[in-house]
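Novice: Listed here are the chains, written in short residue letters.
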Amino acid sequence: MPAPTDAHFRYVLRLADSALILGHRLSEWSGRAPTLEEDIALCNISLDLIGQARSLYAHAAELEGKGRSEDDLAFLRDADEYLNLQIVERPNKDFAVTMARQLAYATFAELAWGALKASKDEVIAGVAAKAEKECAYHVRHAAEWVIRLGDGTAESHSRMQAGLDDIWMYTGELFEVDAVDEAMIAAGIGIDPRDLQAAWTAAMDEVVAEATLTKPTAGWMQTGGRRGLHTEHLGHLLAQMQVLQRVHPGAQW
Amino acid sequence: MTPAATAPGADAGSDLLARARAALEAVTDPELPFLTIADMGILRAVRETADGVIEVDITPTYSGCPATDMIRLDVEVALAKAGIARTAVRNVLLPAWTTDWLSADARAKLLANGIAPPVKPSGKRALFASEAVTCPHCGGHDTERVSEFGSTACKAQYRCSSCREPFEYFKCI
Chain Z
-8 MPAPTDAHFR YVLRLADSAL ILGHRLSEWS GRAPTLEEDI ALCNISLDLI
42 GQARSLYAHA AELEGKGRSE DDLAFLRDAD EYLNLQIVER PNKDFAVTMA
92 RQLAYATFAE LAWGALKASK DEVIAGVAAK AEKECAYHVR HAAEWVIRLG
142 DGTAESHSRM QAGLDDIWMY TGELFEVDAV DEAMIAAGIG IDPRDLQAAW
192 TAAMDEVVAE ATLTKPTAGW MQTGGRRGLH TEHLGHLLAQ MQVLQRVHPG
242 AQW
Chain E
63 MTPAATAPGA DAGSDLLARA RAALEAVTDP ELPFLTIADM GILRAVRETA
113 DGVIEVDITP TYSGCPATDM IRLDVEVALA KAGIARTAVR NVLLPAWTTD
163 WLSADARAKL LANGIAPPVK PSGKRALFAS EAVTCPHCGG HDTERVSEFG
213 STACKAQYRC SSCREPFEYF KCI
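Going down the list, the protein sequences come from chains Z and E. Taken in order, the first sequence gives residues -8 to 244; the numbers are from our numbering. Taken in order, the second sequence gives residues 63 to 235; the numbers are from our numbering.
Hints listed in this document are in silico derivations from the structure and should not be mistaken for laboratory results. Be a bit skeptical, because a hint or two may be false.
[To be verified] From the structure, some residues in chain E lie toward chain Z, with a derived Cβ separation under 10 angstroms:
# : residue
1 : S125
2 : A158
3 : E210
4 : T214
5 : A215
6 : I235
Note that CB positions come from ideal geometry on N, CA and C, so glycine has one too.
I would like the entire structure built from these sequences, with the hints used as guidance.
Specialist: Structure (structure tokens):
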């Protein structure tokens, strides 16, 4: 069992890292999305996620008490120190893959933030109250696209199905519980994600059915992101995201 | 005005607070300059501490709203211009901002500036429900959503099928 303060720090860092990495991933669509409205939508969603991450990083830095700032945590850690879920670091690939990832993650995040509103950690509860409402919009956005593409042309249907298949093995990690979670659940700070799985599955099933898609069969599930084990894609993302602070330490504007 | 200029016997503390409140009334939202941060419900509290520091609580509308830092700066500048040097601006997250906090005056100003105000109380939304938004230009009810995300985090893009004008909608959250 990790020390209580270390578990708390890691718990907040995991929440922050998942929000930041997905926020950065979505920002890669900026200027490249299929339509202007979609460009704006994905940037707005990205901004919500980066905003959620900022409050959490500032809090994590305080909990750690080693003088690191929110920027230090975001820009000066390497991939093996990042504790985000692997699903959020997956490459955007085509728009359908991005929407499948959005649907799976945002549906989970809305439920998780909803439950975290009752956290005894006031910062987590505060971020959660706002993030739950923001994620409700993210879910609706993704669901509409998954349905439009799934129940669209033969081409859009097959690509949407491929998108869902692409991300499915990364959805198991959403519901994992380890010693850090157990310590935080016991302290009333964290939640048990297994309690959310039935609601997540029902919400995904509803959209998948409406979209005339086939839910992938649950096979091998990837794991490890929350322990610092990542796919090769995270390092490339960090290289781009961190380059300025690495080359010009402490740069501000 | 310095504390020394206050008349003897006057309540210097409440005077300082009154000046701070007056200064803050003029601070507007950088994205919606016809609305004050009080209209918006962003300004949550103004206090004077026992040792004479003016504390201001502000809350962000959305987690990542880029205007939040600007508003914080505008609050500090407004207080400094009013001659109030000792200030502390706090960013509070709880309770979370909601469009329910927009004043009636704010809603009228939004409409007058071509932005449809939020149509209903915030709350859990149905996955595929769509809101009936009235066109702020012609008052028509036959409108359609172009995108749920717009020029700022708080607005969606709509189009009126009656007058054919595009408009922005301040979305419920």
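Novice: Which numbered conditions among the earlier hints are violated in the structure presented, ordered from lowest to highest?
Specialist: none
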